[in-house]
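J.: Sequence:
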Amino acid sequence: MILKPAPGTTRQFPLVWPPWQPPGADGLAAIVAPTASIAWADGLLAREDERLVVWAPTGAEPESQALARLRYPGVRAMTLVPARSDPRWVRLALEYAVHLAAGRESDALSSACLTSWSPPVTPSGVVRIPHLVTVARDDAVTDTVVWELTSTASAQHWLGGPLPDQHFFENHLDALLRLRAAARRGQLPVRAANAGLVELLADAELSIQLVYQHAARFRRLLGGYLSGQS
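Under my numbering, think of the first position of the sequence shown as 529, with each following residue one higher.
I should point out that these hints are in silico values taken from the structure, not numbers from a laboratory.
All C-beta atoms in this analysis are idealised placements derived from N, C-alpha and C, irrespective of residue type, glycine included.
Treat the hints with care, since some could be wrong.
Label-pair distances were calculated between CB atoms; the ranges are [what the hints assert, rightly or not]:
1. P562 <-> R745: 43 to 49 Å
2. R713 <-> P585: 40 to 46 Å
3. W568 <-> V718: 51 to 57 Å
4. V718 <-> R599: 27 to 33 Å
5. S639 <-> R706: 30 to 36 Å
6. G724 <-> W545: 38 to 44 Å
7. D570 <-> D614: 28 to 34 Å
8. A574 <-> R747: 38 to 44 Å
9. Q549 <-> G751: 42 to 48 Å
10. E576 <-> H685: 44 to 50 Å
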């Protein structure tokens with residue numbers, strides 16, 4: 529049995545080749561203001577409308593280096609670029625960092641965001657947030673995860689309270705992505721409706737922020753998925 533939630537609009541991010549190619553070594557890509565100093569970067573990848581795309585190498589601790597450079601003047605968004613990364617996924621993660629930053633410009637904390645298309649290591653005092661993202665590729669629409677790295681304090685500010693058990697939800701990301709896809713198509717399994725998701729998604733998309741805000745409800749639901757309950 530399938531139930532339909534109220535219709536909503538989910539933003540889709542295109543998975544396309546960027547007009548630039550990052551070097552093959554471990555590094556980071558960043559979007560900076562056109563007037564900002566880029567002396568810290570090793571190369572200018574592109575000069576786009578009202579922004580520059582730059583690249584810089586990273587060493588043994590890329591996450592820590594990227595977080596430090598995120599505070600440089602004029603930096604608007606940044607993403608980690610492991611060696612030999614697919615440029616399409618690098619671009620997706622970078623554009624999602626721009627999207628996150630735009631939604632936080634009014635926050636008291638710094639709005640620049642650091643992302644990664646693959647699961648990053650978390651330095652001390654830092655957490656990773658697995659954002660659920662809808663991707664348009666050719667004629668197909670799918671859902672994936674783009675990771676954000678941020679301080680624990682910034683994550684709690686974003687959520688509006690303490691973080692839930694992130695390890696549990698990371699272990700259930702595949703189920704969350706399936707739920708997001710079902711909600712996007714207007715079709716939810718009956719057990720999701722019984723957990724109150726129809727009402728919960730009436731005016732919101734299934735985001736990791738929503739999951740964290742209703743952690744107990746989603747833990748019960750995902751436990752049902754794990755045990756095979758219908």
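J.: Give a verdict on every hint.
T.: We went through each hint and held it up to the structure:
no. : hint                      : in the structure
1   : P562 <-> R745: 43 to 49 Å : holds (45 Å)
2   : R713 <-> P585: 40 to 46 Å : holds (42 Å)
3   : W568 <-> V718: 51 to 57 Å : holds (54 Å)
4   : V718 <-> R599: 27 to 33 Å : violated (48 Å)
5   : S639 <-> R706: 30 to 36 Å : holds (31 Å)
6   : G724 <-> W545: 38 to 44 Å : holds (41 Å)
7   : D570 <-> D614: 28 to 34 Å : violated (21 Å)
8   : A574 <-> R747: 38 to 44 Å : holds (43 Å)
9   : Q549 <-> G751: 42 to 48 Å : holds (44 Å)
10  : E576 <-> H685: 44 to 50 Å : violated (30 Å)
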